[in-house]
Every structure is written in structure tokens, then in C-alpha cells.
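Protein chains: 2
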Amino acid sequence: MFSLVPFRKSALRPTVALTLFGLAVATVSAPITVADAQARGGLDVSQITIAPNLSHFTLENGLEVVVIPDRRAPVATHMLWYKVGSADEPEGQSGVAHFLEHLMFKGTSTHPNGAFSKLIADIGGRENAFTSLDYTAYFQRVGKEHLPAMMEMEADRMHNLVLTDEVVAPERDVVLEERRSRVDANPGSRLREAMDAIMFVNHPYGSPVIGWESEIKALNKDAALAFYDRFYTPNNAVLIVAGDVEPDEVRRLAENTYGKVPRRAEPGARLRPAEPPLQGTRRIELEDPRVRQERFSQVWIVPSSSNAESVTSEALDVLSYVLGGSSSSRLYTALVLDREIALSAGSYYQATALDDSRFAVFGSPKPGTALPELEQAIARVIDVLLADGISEDELARAKHAMVADAVYAQDSQTSLARIFGAALTTGSTVEDVQSWPQRIQMVTVEDVKQAARAYLTKEPVIGYLKMPKQPGPEANDASAQTTEERS
Amino acid sequence: MFSLVPFRKSALRPTVALTLFGLAVATVSAPITVADAQARGGLDVSQITIAPNLSHFTLENGLEVVVIPDRRAPVATHMLWYKVGSADEPEGQSGVAHFLEHLMFKGTSTHPNGAFSKLIADIGGRENAFTSLDYTAYFQRVGKEHLPAMMEMEADRMHNLVLTDEVVAPERDVVLEERRSRVDANPGSRLREAMDAIMFVNHPYGSPVIGWESEIKALNKDAALAFYDRFYTPNNAVLIVAGDVEPDEVRRLAENTYGKVPRRAEPGARLRPAEPPLQGTRRIELEDPRVRQERFSQVWIVPSSSNAESVTSEALDVLSYVLGGSSSSRLYTALVLDREIALSAGSYYQATALDDSRFAVFGSPKPGTALPELEQAIARVIDVLLADGISEDELARAKHAMVADAVYAQDSQTSLARIFGAALTTGSTVEDVQSWPQRIQMVTVEDVKQAARAYLTKEPVIGYLKMPKQPGPEANDASAQTTEERS
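Protein chains in written order, with this note's numbering: chain A, 1 to 487; chain B, 1 to 487.
The hints are simulated quantities; they were obtained by calculation from the structure and are not laboratory data. A couple of the hints might just be wrong.
Stated by the list, open to error - Quick list of simulated restraints, FRET-style, between CB atoms:
#	chain 1	residue 1	chain 2	residue 2	range
1	B	Lys221	A	Asp222	46 to 56 Å
2	B	Glu309	A	Ser327	55 to 65 Å
3	A	Glu91	B	Thr333	41 to 51 Å
Model, not experiment: these values are computed from the prediction. Each residue gets a CB set at the ideal place from its N, CA and C atoms; glycine is no exception.
When you get a sec, could you build the whole thing from the sequences and use the hints?
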């Protein structure tokens, strides 16, 4: 299986990668390519709409379906998204959503353990699955003639999963090893895990997607099946099919496969415990000999695209871009280019979430710069922005770049499918996605200043990833991760 | 109602007040008084046993009963303890244990709203109730001839509580106001609440006993009654009667009152989510113009008397005493007397808890001393103790003082009853309480060093309570509180 990278990773610009609509497509009936955009000599961003040619319907059993035609190649991307993630887990069972994702590959009576994956390998397809705070998804990318088989087999495992203790116990060991190698052995991951935990002390976003070790160890077949029976039902799922397909044909296939799965449960509203307004600036310092690159990060809780009022979420998107989203951003210019105290500096805003989300600034100091010095320099950049706001010129350049970025990113059929899947499982609608460029156009310098003053003046959570004074023998660092992928 | 102070509060010595067995009585058949102890010219601490004359039995419906005769005055202390506290609340319903404690005063069909309290006032008695992380308790202190009425009325409200929306809604406003005045208006309380939340990120000890404001607002009659029906049952309660009473008579009265309450539920084992081993030193700084006295505190998670192995809990008791439990303690001597940089300094160990608990050091700087300087000075005192341990002389003085303190404290019949109630609702036994002085005698200097090295080397949670650089007009500070009392 290949690794589906959820975000574009770059020390310079993680911001786009973490935004919901940072990846998008143009108004033309088929997504335009990077070459198209370059040939046009730029884009009129005011005309951009996301995937205007998609079809969107709901089956009788409640399954929502989105079809996004893209005829550049005879392939189909098939993704089934469940509106359930780690933030929906029962108390004391952290990790069960991700554990079930692993167990979904254990087969059904019709397609025993391994048969689904073997077929995909045999036909030269690719598959993966991922669990996040708010959703769990399964996907395959295959030649378009194999789409019916994918739909039949994915629908089959929505209600016919067979689990035995013989397959469950070893898979739990696989997950424990995944946790050890990805989190425990990685100081950067451990710091992020701890920062999340002290940032969301009551809301379940404070628990890691992969789960706390002691709770993973207690997971078993019954816990996984209870979770499956409660949340894996057509009325709690979204099917996304992108590629060289006809919407009517997809609908017919969906009715013949998914349409035959009964409603298995009524999961109801996704109400999570609210996060209380803790007072005080929270900090966490992690010093580890495996750190090769020190890092400062500062995170605030902010509204997401799903729960923000008016254009607050879009204003935060723009704010993140201006503050730290490019090599001409405020932070990069001040810290890397002018003062030369940082190797990298930037910001990100994670717009995609059912509940409140995160806005962060970060940087890695040059050797010789201490983390408190970097922190103070970043604070000064923010203070200037809070006092004076951003300029009309910065705003215009940000808007153009953000929508252009979306065009450049849309070469990936998978990315586009993923944008809609993530949106529809975190409280947004198809229309919300499609109108994102128009909403970005509406953002004013005043909106950005108001959003900055409303949220960046609140007390943040601050993290220091530090080297001991005597450097250790090993190196290790990692990038942002709120999604557990099958490897 | 009078206020039952749960701990002796003193800037110098909060330690004793927070320990389970810091208050105790001597081996004589009736508790000896301070005057007795002074008249004897000291105590042979090796002979001390706690309340050797108590009676302990269980009714057929599962109610556990402890009777502690104390014939110094014709009064009786009657306490009913439930093995349920805020750490047993359903997710998203923080505060429901404390809210129900308030609602328990709303009456039954036999004794309508106010009748119980009115009777107590009419006979010159006192009553109170309190909720903590692990237990909820109701108590009255009355002339001994009124004990039967107390038992009848307390047993009545164990199963006959009548609640209507008309009494529930206004009481919720009372609790919200209690939260505002005790926590929100008090920077010291807010800092402690935040420190608890970032210390226990997964275990429910991270939520305040009084509840998060947004969740208190959502509490209602149904939530309170569901909690009542699940946990208020004789097999989940402990009755403590202390005073001028005969055990046989108390047993007969208990059978005729509490004995008639059916088992209403089987609450089962009290299994809470475990606390993960977060890496990194966590800090929180709260700056507020209402702070008149700055304060540093540093807290580690440690075993409690209920879940510690061997003599670890007793060794932590001794460690706390030597480190910061008196005016000749290491911290007080170094910071207040020798270096004169602190107005107060000390430590405490909270032994009473069902699950892991807290060990803390703290201090308030003299004007002119910055909190980081105080922090470093405290760290140096701890480093010396970690390196060299404590002396035999310190150990002997600590043991003698701790048991003697217990004797001096036992003048309060209420305190003694409270020790047993807290112990029996947090996983300890009558025998555990009775043998505490003997176990303290067994602690060696090596035990103390091992306990210090095992826990004080772990990464703590650190809190700074700070004044702004320009002092504000108001003053406010508060002392440790993990218990919500009716006021």
C-alpha cells in the first residue's frame, strides 16, 4: 500500500496543507491542470468555483454520494467516509476508531481476510485508509472498469465484517508497535501529543487519534464490534467517487451495492464535551537527545470552518497566509531573511474540524539562537500585526495566491475527493466547499484584523522541543499529524 | 450551617491537613485530649493505634457501618458517605455529583423541602455536606438523643428524594454563582483548576469537583436523578457514627432505618481512564491584577495510600514532612529563614485518593524575589535531598511529630469520623487507618530516598501565580481545595 500524504509538508508552508479548501479546482467543467493555468498566464480568482460539475445525491438508506467526473485518465478514485473519528470514542477507549480501521481489512464471510486487498493488488490498484479526530475513510484507486467490484466489496464490509480473537489480538500488537515507532520514539510527536492534551483538557480532541497506550492495550473484539455496530451504517457515511465515471452509472451501481445495506444504527448528533476557558498561559518543554532541530510552536484554539461565524474562518485562512504562509510572509521575512535567527518560520490554521480547531505559529532557531529569543521575535511580529492589521496589498496577494494554489494542487484526483470527504464528515456541505473561493474574496483587511485580535490575544499553548546541552547521538523530528494512516 | 473545614490551612503546614492519617487518635479506649497528651509529657508513638475501640459491621443490604464511641460529651456525629464523587461522573456532566449533593436538601414525600434542616436547626444541631473527587458525604452533629431522627431522615433521602424542575433550576443557578464566586473570581483557584486540568489530561481528576461552567449549565433534573439512582444505594455507602453512643444501639437503629432501604443499584468497580505518561515539563502562568501574593507551585503525580505498593505512601508522608511540613523543614529553613527570599514555603502530599494523587512543593516569594529565582532555590533543596536522602535524626523527628500531631488533632470528633469516611470511600479499610502509625514507624531513610527518587525526578506540572508589573487595586488568594462544601 502506498502512503496517502494528507498534507503537503514543508517547513515553509504547512498552512495550505492543513486548510480544508487550500486544495481546490477551477470553474472549468473538468479540473484544469497546472499547465493550463500557466498557459493562461494566471487566473481570474474571482471566477473560481470548486468542482461545479459534481453530482450529489442521497440513497434511501441515508448514504450520501458525491460524484466528481475527471476524464483525464481511465481511472476511478473510490472513497467511503464514515462520520466517526477518535473524538467520538467512548471514554476510556481511545484508539478504538483507528483500531477498527485496521480490523476492517480482516474480511467478511463473502470476501475472507485478505481477499479485498489481494484483488486490488492483482489489478494494479492502490488502497489506503485513514482515521482522524472526526472521520474514518477507506479508499481505492483503480482502473475505472474495476469500480463496481470496489463498491461491492466496500459495501459488503460495511455490515458483514467478521472478527475473531485470533485476528484481533495480533492486530492490537501491530497498533501498539505503530504507536511506539511513530509517537513514543519521536520527541516531536510526543511533544505534539502532550500539547494537544493540555490544550484540549475536556474536549476529546485532546486524546491522540492512535490512542493512549494503556487504553489500546485494553481494546478487544467486543469494543471494536460495538463501535462498528454503532457508527458503521449507511446513514453515517459519505461515498465519494472521482474519475472517469458517469454520475448516472455511479448512482445505479451505488443503489445495487451500498443501497442494499440496511440502516444499522442511528448515531445521532455528534455532541462532544465543550472545552472550558482555562486561564493562564500553558507551556510544555520537552528535552530529548534525539532532537536534532529545536522547534518553537504556539497554538491557539480558534473556530473551524464548520463552527465559525460569518467569514471568521476565511479571515483566519488569510491571516495564516499573510503571517506565515509563504517566503514573503511576515514571519519568514522577519525571522529567516531579515534577522537571520531562524531556519524556518511559519503559521498554519486547521480549518477542517467539526468543533473548535487550532491556529499555530512556529519556527526553528538557527544554531546560536535560544528558543526564548525566537519566541520573543515571533511575539513582536504578531504584536505589530495586531496593532496595524494587514495591508490591502497583502490581502490581495494572499487571496490570489490561495486560490491559485488550489488550482495548482488539483492535479491530484485524490486530493479533490479528499476535500469533499473531509468537509462532508465535519459538518460542512458541498456548497460550502464550492463557494470557498467566493468567500475568500469577501474577506477584508478589517475582517483579518478582527480575527487576529479576537483569537491571537487569547492565552496560547506553547511548546519547546529542545536539545540537551550536550547533543545526543540520534536525530529525530516529525511533522504535524492528526491523522493515522495505514502504512 | 457551619463550615466544616476539610484541611487545617496554614501557609506553613498544609501538609498534615491534606494527609489521610494526619489526624488520628491514641490507643486509649477513648480518644485522649491535648491536655492528656501534654500531661503525659509526650507520647510513645510506637504504641499508637487509631480508634481501637470502634465497631465495624455491614448490614444485609450492603451498608457498611463504623461506630466510634467518644463519651466526652452527650453528642453524636452522624455521617453518611457515598462512594461516588466527581471522578465518577458521566463524560460531559462534570459537576453532577456536587449538584446532586445540593439537591439532596430538597426533601422527600415524608419530609418535604426544608423539613430536615429545620429540625436540625430547631434542636440546635449542625449539618453540612461535601463532595470531592472520590466521595460525597452528608453529616449532622446533634445531641445524642436526636441520633435516631437523623438516621431515619438520612435513610429516607437515600431512596425517596423528590425533585421537580421548580426546585432544580434555581439550585443550578446557586451552583453557577458558587462557581463564579469561588473559582472564576479567584485567580488562585483558577490557576489550581488549570493545573489540575493539564496534570490529569485523561483521568477525571483533571475536572473540577464543582464542574465546568458550560456543563453545569446543561445539568437538569434527569441527569441528577440518573446519578442518584445509579450511585445512592446502601451497598455504595458508609455510615459513620461517632460520639456518646453504644455500638449495639447504633446497629439496632441502623437496621430499623437504613436496613429498610433496598439495594437500588450495583454501581460496580470504579474504573477510571488511566493517566498517560506525557513527556515534557508542563507549566502554566497566570497573571492577574487581583493577585496580592505571588505563588510558585510544582506538583507531581504520585501513588495514593490506596494504590501505593509497600510503604511508598507512608514514605511520601514522611518525605513531605521533612521537605516542607514544619518551620524546621528543609524548604522553610532554606528559603524563609536562611536565604530570606520567601514568605512561606512548604510541601504537601495528598494521600487520600482512590487513584493516583499529588505531591507538591510551593512557596510565596518575598517582594523583590522573582518566581523563577524561587523555583530554582526550591529545585536546589530538592536536588540535595535526592542526592543525599534524609538523616536518621530527621526521620525520627518526623515520625514523632506526625503521630503526635494526630493526637493533638483528635479533639475533634468530626475529624476522626471524617478520616474513616474518607478512607472507606477511597479504597482503604478500617485496618489500614488503624495501623497507620505502625506503618509510619516502619519507614526507613532508604524508603524515603527511594520514594523521592522514584517520583520527584519525574516531570512535574509547574504553576506561577503572578502580579502584573503594575499592581492592581484588589487582592485575592485562596488555599488548596479539592472539596466542594455547602456554604
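Comparing the hints with the structure gives:
1. Lys221/B to Asp222/A: 46 to 56 Å: Roughly 34 Å apart at Cβ, these two residues miss the hinted range, so it is violated.
2. Glu309/B to Ser327/A: 55 to 65 Å: holds, 56 Å
3. Glu91/A to Thr333/B: 41 to 51 Å: This hint holds: roughly 45 Å between Cβ atoms.
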